[in-house]
Amino acid sequence: MAGKTKVMVAGAAALTLGLTAACGGGSDKNSSTTTNGGSTSTFNASTTQIVNPSDKTGGTLNLWSPQAPDSLDPAIAYYAWTINFSRLYSRTLMTYAPKPGKDGLTLVPDLAQAAPTISADGKTYTYKLKSGVKFDDGSVITSKDIKYGIERTFAQDVLPNGPLYAIQDLDQGQHYPGPYKDKDPNKMGLKTVETPDDSTIIFHLAKPNANFPYEITMPIGAPVPQKRDTGEKYALAPASSGPYKFESINPDTGATLVKNPNWDPSTDSVRKQLPDKIVLTVTTNADDMDARLIAGTADLDASQSGVSTQARTQILTNDKLKANAANPNNGFIRYAALAQTVAPLDNVDCRKAIIYASDPTTLQTARGGPIAGGDIATNMLPPNILGSDVKYDPYNRAQGKPQLDLAKQELQKCGHPNGFSTTIAVRNNKPAEIATATALQAALKPAGINASIFQYDGKLIGSIAGSPATVKAKNLGIIIAGWGADFATGYGYLAPIAMGSFIAQSGNFNFPEINDPAINAAFTKGLSEQDPAAAAQDYANANHLVMEGAYYLPFVFDKALNYYNPRLTNVYFNQALAMVDFSQLGVSDGK
Amino acid sequence: MSISSASIGASIQRPFFEVKDLNVRFETDDGIVQAVTGSTFSLEKGKTLGIVGESGSGKSVTSLAVLGLHRTRSNAKVTGEIWLDDQELVTATDEQVRKLRGGKMAMIFQDPLSAMHPYFTVGSQIVEAYSVHHPGVSKKVARERAIDMLARVGIPQPERRFNDYAHQFSGGMRQRAMIAMALVNDPALLIADEPTTALDVTVQAQILDLIRDLQEEFGSAVIMITHDLGVVAELADDVLVMYGGKVIEKGSALDVFRTPQHPYTWGLLGSMPRLDRDVRDRLTPVKGTPPSLINLPDGCAFNPRCPYAGRNGRRSFTEVPVLRDGGPGTGAGHLVACHLPAEDRTKIFQQEVLPNL
Amino acid sequence: MLAYIIRRLINAVVTLIVVTFVTFCVFFLVPKLTGSDPALLYVGKQADPVALAGIREKFGFNDPLIVQYGKFLKGIVAGRDYVTGADVTHCSAPCLGYSFKNSQEVWPLLIHALPVTFSLALGAAVLWVLMGVFFGVVSALRRGSIWDRSAMTVALAGVSLPIYFTGLLSLSIFVYWLGFANPGYTPFFDNPWQWFTGLLLPWITLAFLFAATYARLTRANMLETLGEDYIRTARAKGLRERTVIGKHGLRSGLTPLVTVFGLDLGALLGGAILTEAVYNLRGLGYFALNSIRSSDLPIILGVTLFAAGFIVIMNLIVDLLYGVIDPRVRLG
Amino acid sequence: MSLGPEASISDEITTPTDDAAVERNAGETAIAGRSLKQIAWRRLKKDRVAVGGGIVIIVLIVMAILAPLLIKLLGHPYDEYHNDAIDPTLGLPKGSLGGISKEFILGVEPVNGRDIFSRIVYGAQTTLTVAFLSAFLSTILGVLFGMTAGFVGGWVDSIISRIMDFLLAFPQLLFSIALVSVLPPTSFGLGPRWSRVVVLVIVIGFFGWPYIGRIVRGQTLSLREREFVEASRSLGARSPRILFREMLPNLAAPILVYTTLIIPTNILTEAALSFLGVGIPPPYPSWGGMLSDAVATYRYDAMFMIIPGAMIFITVLAFNLFGDGLRDALDPKAH
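Residue numbers (numbering that gives the first Met the number 0), protein chains in the order written: chain L, 0 to 590; chain G, 0 to 356; chain F, 0 to 331; chain Z, 0 to 334.
None of these hints come from the bench; they were simulated from the model. Quantities reported herein were computed from a predicted structural model and do not represent experimental measurements. Where is the CB? At the ideal position from N, CA and C, for every residue including glycine. There's no promise every hint is true.
Said to hold, decoys possible - Each computed SDA-like pair below joins lysine to any residue, with the alpha-carbon atoms no more than 20 Å apart:
1. L:Lys182 / F:Val87
2. F:Lys246 / G:Asp28
3. L:Lys226 / L:Thr194
4. L:Lys429 / Z:Pro183
5. G:Lys103 / G:Ser113
6. L:Lys143 / L:Thr125
7. L:Lys182 / F:Val82
8. Z:Lys36 / G:Asp28
9. L:Lys590 / L:Thr255
10. L:Lys444 / Z:Asp83
11. L:Lys180 / L:Lys232
12. L:Lys180 / F:Arg55
13. L:Lys232 / F:Thr185
Claimed, not checked - Derived list of chain G stretches under chain F, where covered just means 3 residues or more per stretch with a C-beta under 8 Å from a C-beta of chain F:
14. 61–75
15. 95–106
16. 126–138
Using the sequences and the accompanying hints, generate a full structural model.
Written as structure tokens, this is what we have:
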């Protein structure tokens with residue numbers, strides 16, 4: 000079973016394998032600069048270079064977030080920013096290189112001595128661990144700690160909501176219940192992972208999967224010492240293998256990290272240990288957080304979800320502030336899925352009518368406009384994915400206006416010349432999605448398409464929009480959603496939302512229930528290609544087929560406008576993490 | 000006859016208490032309420048004046064005017080003269096009047112339950128009344144005085160009752176406590192506003208006896224306000240009958256009861272239950288309702304209810320009768336405000352009213 | 000007296016049980032009626048069948064409603080263990096449930112939120128009582144004057160203003176225009192001055208609303224009291240006007256306020272939802288709102304119980320207090 | 000006062016179970032009958048402030064009823080987007096004062112450029128409908144239960160009184176938010192807008208009835224002992240007849256006053272629920288919802304906050320003024 004991709008709650012975890020340099024903000028040429036400690040920053044500078052490079056130590060890094068972390072437990076952490084944050088206290092076998100641009104997409108050894116040895120059939124991965132790497136309590140990190148960490152993700156009843164990659168790749172029919180119900184006295188009962196000695200770990204896959212190294216680079220691959228595991232309460236005191244360890248944690252209000260004395264920089268070529276202390280403050284007041292960022296009493300929005308509307312205005316209208324901001328593409332597309340199980344959207348022309356009738360600009364504005372929302376999306380592959388082509392615009396959306404005459408023609412073709420009625424399903428906890436739903440509703444009206452809006456509890460997406468039966472029963476013809484891949488390959492991004500084998504009875508994300516043999520074949524072919532460029536061609540092909548089938552109405556290639564305190568050092572946008580890399584940050588004034 | 004009204008006998012010496020041409024009016028959103036118009040009377044020490052009338056006739060307003068209790072109401076306007084022991088009260092300062100209140104002149108209110116503060120003990124309220132007029136007196140002395148007063152008005156176990164609240168007293172006891180509070184400073188003028196209305200008959204008699212005894216003991220002048228002529232008959236030396244804010248008949252108790260002059264007074268007498276009357280006889284109440292003080296009837300205020308109003312042509316409906324001597328057959332100082340000729344009144348009373356009383 | 004208190008306490012407990020039962024029923028039945036599964040709320044979007052079964056077992060969602068409710072009640076008294084296989088999560092008494100969203104027991108979570116709501120409510124209460132009583136009394140004494148009219152106009156405007164509007168207005172004026180710091184909560188013992196300054200704006204905004212009501216109420220009560228016979232008696236005794244108003248008038252004019260104040264404070268202690276929402280204060284009300292938005296039932300139940308508890312307790316206190324301040328009231 | 004959003008639970012109107020004013024008032028009504036109505040009407044007409052409030056209320060009602068016409072004359076459809084009126088980068092209205100112009104007389108909403116004027120007008124529809132109907136529901140329930148409790152007495156009275164106490168001890172706003180948020184968006188065969196209106200009416204109306212119920216119960220208790228009731232009972236009248244023919248007319252004045260005074264509270268509650276995101280669903284306008292939307296932009300587009308806020312304020316104030324005037328007019332003791 001292929002990697003399950005997620006609809007992000009907060010931001011993106013776009014782990015890019017490809018070679019494309021996703022360079023955001025290309026449309027915003029400006030000359031605003033700011034000077035800090037001799038180096039200069041310009042708008043979007045951090046997306047292409049390291050801003051304020053420095054090795055100065057000391058001080059406190061003040062991270063703020065308008066949203067609590069989903070969990071600090073590595074088995075659960077799935078928000079893009081908590082994955083990024085976890086790198087401060089959790090190491091994995093491999094991790095992303097701390098470099099701007101496409102270099103940041105490559106995996107470099109972390110706990111492992113080197114890249115894994117892969118068997119000829121591509122099914123066995125063998126990693127050798129560095130020696131002398133310790134947890135914060137001084138105990139040595141062994142391969143069993145890594146295996147135990149992976150086993151924990153199997154205990155879905157105790158630790159739900161985390162990535163399921165380990166189960167999908169490694170269970171292989173064992174029905175391993177997780178370590179808490181493991182009959183093995185050492186709790187090492189997962190058969191597909193071997194730890195012949197303390198420094199070797201071997202993974203046996205059922206079939207080749209080039210994504211596997213990336214999957215266990217997520218925090219699920221972090222070591223967890225069994226003797227310190229407290230089940231679901233582990234999130235309140237996770238062990239540290241990284242440069243920082245927790246001094247205190249309150250899941251709702253934040254956490255304080257201090258230097259981990261047992262972290263040895265000579266074993267870690269990736270992370271820095273510059274500030275003495277890192278404080279994560281969870282606030283309920285996003286406006287206050289933005290005000291603090293601008294005032295300099297907060298350093299960075301850890302959620303990287305973009306500043307609020309008011310601060311956006313303030314930043315964009317002030318060149319000085321703008322110089323410390325960036326809006327890179329975050330690998331998400333916001334779109335409406337057109338469910339072909341719901342009449343009359345079973346008819347491709349009716350779906351096309353919706354696409355033509357929609358107003359690209361109002362949808363873009365509803366998402367936050369060109370800078371904070373994103374560029375008008377023209378197709379279903381985001382720009383940072385190999386095979387994407389933003390110029391591919393089959394429905395002529397980039398010009399920004401609705402095309403009512405074309406919509407009417409399509410309606411004629413589909414046998415509803417006077418329009419029809421349908422329902423827009425939207426999560427009630429996403430103001431921007433609700434805004435796009437109402438914008439779409441308003442745009443469809445002149446074409447005679449009467450859409451009513453159905454709001455549902457966002458937490459129930461898996462059983463409402465994600466349940467084909469519910470979609471059909473409630474006539475949810477149009478489903479507003481957003482998508483960011485865990486792995487930014489064409490397969491990783493598009494297959495879960497366009498390939499027939501991904502249709503599930505609950506938790507489905509292939510909302511339109513696309514099961515087109517031609518599309519399925521394109522994905523299968525792409526997965527088997529050894530040459531990335533050839534694979535990219537297959538995915539481009541799949542993208543074309545998806546667009547021709549009018550299953551999706553893309554809104555924007557998502558962007559988020561973020562601001563950082565000019566005193567921060569080593570600020571850069573990591574394309575794999577899809578945000579500023581926290582592990583490199585320091586403060587220039589030592590406070 | 001003890002009436003020494005200022006209109007008769009221009010003595011240089013003022014009576015102990017005298018009210019001259021008292022007017023009280025209130026401005027309300029619904030119009031001007033002319034509560035008392037041109038009220039004039041006087042009273043000597045040791046004597047009792049009964050003021051009789053229905054509710055809204057101005058009797059209570061008059062007594063409150065005497066105590067200066069309209070001063071706190073911004074919409075009240077009081078004119079005329081009020082003399083107490085050679086001191087004029089209408090023009091006196093607030094502070095002067097306040098010092099007299101509760102001291103030289105005191106008042107017993109109608110409903111002692113609502114007239115006593117529910118949250119303070121009865122004793123403390125009496126102490127308060129004493130202390131304010133005896134600054135410098137210790138709490139202990141004040142307390143002893145209060146207990147002494149409670150004992151004198153006939154409250155058993157005064158020491159214990161001192162700490163009770165008004166609601167813990169029975170009706171009669173409460174009225175006694177009220178009287179104790181009024182008398183605690185030996186007032187020279189005591190105004191009792193319907194002191195027995197809320198009480199049952201046996202207690203009524205006890206309270207009246209008490210007031211009479213205390214008056215003899217303290218030698219106070221007493222104004223007894225009531226709508227009950229029986230009470231007046233029992234206590235009063237002089238009687239004042241008020242209607243629609245005006246004095247309509249005034250005279251010694253003896254005269255007013257023997258030869259009442261005003262048809263309204265006849266009505267009042269007719270509505271008074273008497274022990275010597277046959278129970279089968281029906282009481283004859285005064286027909287109709289009291290007039291609105293905002294909108295008094297033209298002419299004689301009593302005309303809508305007066306069975307004899309038509310006897311003078313339109314006069315009763317156009318001309319306000321003045322208070323003047325009752326004419327032949329009445330005692331000295333017996334005054335009445337009625338358009339009926341004196342002879343007619345005598346005749347009507349003798350022939351039509353008296354037999355039914 | 001003791002018997003009375005015991006009887007009232009029993010009453011209070013019964014009320015709280017009914018409150019929880021109603022809340023419990025609604026939030027367990029409504030998802031059933033609308034065809035969704037409470038277990039889904041815990042596992043989130045993945046809806047993994049293993050996880051779902053585990054959650055159902057753990058929470059006892061398979062039990063009948065009354066059994067679930069019984070377990071909930073028992074948890075409050077004796078604590079509760081959530082068991083799946085060998086994994087046991089203990090929730091010690093008083094256990095209001097366990098929020099699996101962030102792996103925390105509800106009770107300490109709410110206790111943690113209490114100081115914020117307490118600070119907000121009590122600080123505002125002091126302000127509004129002082130302001131309300133002052134303006135109410137002065138208006139009553141100068142009835143019809145310019146002072147009275149303007150105070151009552153402001154008060155009427157005050158009761159007509161929604162707090163989320165005044166809150167936003169105050170923020171735009173004081174924080175964004177005049178540049179005061181954004182309101183926020185600092186624990187009193189961490190820094191009393193910050194505690195004070197951080198809550199000043201919420202206090203004033205909240206107090207303004209209540210002060211308006213209290214001014215109207217005080218004025219009405221005082222006017223009624225000043226018209227009472229015993230005030231006339233007090234004057235007739237020759238008491239100074241100061242004593243008449245200050246002692247006899249206030250004593251009975253303000254006594255009814257005790258009831259209202261008790262109820263208002265009780266309601267507010269359960270969470271000043273709107274104020275906390277506008278100023279982003281993390282009190283009980285904020286918690287409640289958040290848990291409602293994320294359908295975190297254990298917390299919703301907990302906050303409802305807390306809120307009802309405060310109202311019931313304040314009611315009891317008010318009644319007991321009345322027995323002391325109003326001699327006419329006999330408890331028993 | 001219903002679930003008065005974070006307002007004092009008891010304004011003057013909640014105390015009067017034992018308020019002499021009302022008792023006397025009812026007594027007056029009993030005696031004076033029709034004439035009190037005339038007196039009250041005369042007083043009300045003289046009360047300029049109350050008349051002002053009444054006029055504002057009438058204007059609002061007319062505005063709500065004529066909404067489609069007004070929009071045709073002065074505005075744009077409430078759900079029509081006007082992208083050209085919005086600065087695309089910032090999402091804020093072009094021009095000063097939130098885009099107020101001849102075209103858009105109250106400006107446009109940020110982000111989508113919808114006509115604020117038409118959204119205010121349509122918002123009045125929902126606000127007034129919810130406020131009136133929920134007050135009506137509270138009154139019906141309150142009168143029904145209050146009169147039953149007061150008239151029948153005994154265990155019926157204790158049960159109803161207990162229920163009223165219980166409801167008053169209930170964290171109502173909290174519960175309403177929770178309840179409304181879990182209810183399905185469409186029900187009763189109505190569209191999303193009106194089905195939510197019905198839900199709001201039921202929730203607000205339901206939590207409001209104990210306030211009226213307590214007052215009516217107290218009134219009924221005192222009326223029950225009055226002569227005219229005794230008289231009709233002794234003449235053999237049956238209970239329902241006594242209740243509806245003899246007592247109800249005498250309760251009319253206080254019921255009218257408290258119904259009027261519960262309306263502004265209901266407006267505030269409806270707006271609060273909309274503000275907290277459980278009111279009328281988009282794209283249908285509601286004042287509270289607009290205020291809630293304004294939270295995102297009020298520093299740079301203050302008008303979008305001020306206009307709906309001021310509308311709520313003016314409407315509530317008008318009802319309060321009118322209600323106060325009505326109470327004063329019907330309560331002779333106030334003078």
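Take a quick look at whether Lys143 (chain L) and Thr125 (chain L) sit within 20 Å of each other, Cα to Cα. 14 Å, holds
Restraint check for Lys429 (chain L) with Pro183 (chain Z), where alpha carbons must lie at most 20 Å apart: Holds, at roughly 18 Å.
Restraint check for Lys103 (chain G) with Ser113 (chain G), where alpha carbons must lie at most 20 Å apart: Not OK: Lys103 (chain G) and Ser113 (chain G) at ~24 Å, beyond 20 Å, violated.
For the pair supplied as a hint, Lys590 (chain L) and Thr255 (chain L), confirm whether the alpha-carbon distance does not exceed 20 Å. 16 Å, holds
Take the C-alpha atoms of Lys232 (chain L) and Thr185 (chain F), compute the straight-line distance between them, and say whether it is at most 20 Å. 27 Å, violated
With a cut-off of 20 Å on the C-alpha distance, tell me whether Lys180 (chain L) and Lys232 (chain L) pass. 17 Å, holds
Taking 20 Å as the top limit, are the C-alpha atoms of Lys226 (chain L) and Thr194 (chain L) close enough? 18 Å, holds
Would you say the region 95–106 of chain G counts as covered by chain F, given the rule of at least 3 residues with C-beta under 8 Å? Per the Cβ count (8), the hint holds.
Regarding the pair Lys36 (chain Z) and Asp28 (chain G), is the alpha-carbon distance no greater than 20 Å? Given pair Lys36 (chain Z), Asp28 (chain G) holds - Cα atoms ~17 Å apart, limit 20 Å.
Straight-line alpha-carbon gap Lys182 (chain L) to Val82 (chain F), limit 20 Å: Satisfied, since the Cα-Cα distance of roughly 17 Å is no more than 20 Å.
Hinted pair, alpha-carbon criterion (20 Å max): Lys180 (chain L), Arg55 (chain F). Please report holds or violated. 17 Å, holds
Examine the region 126–138 of chain G: at least three residues should have C-beta closer than 8 Å to a C-beta of chain F. Check passed, 4 qualifying residues.
Going down the numbered hints, you'll see the structure goes against 2, 5 and 13, while the others check out.
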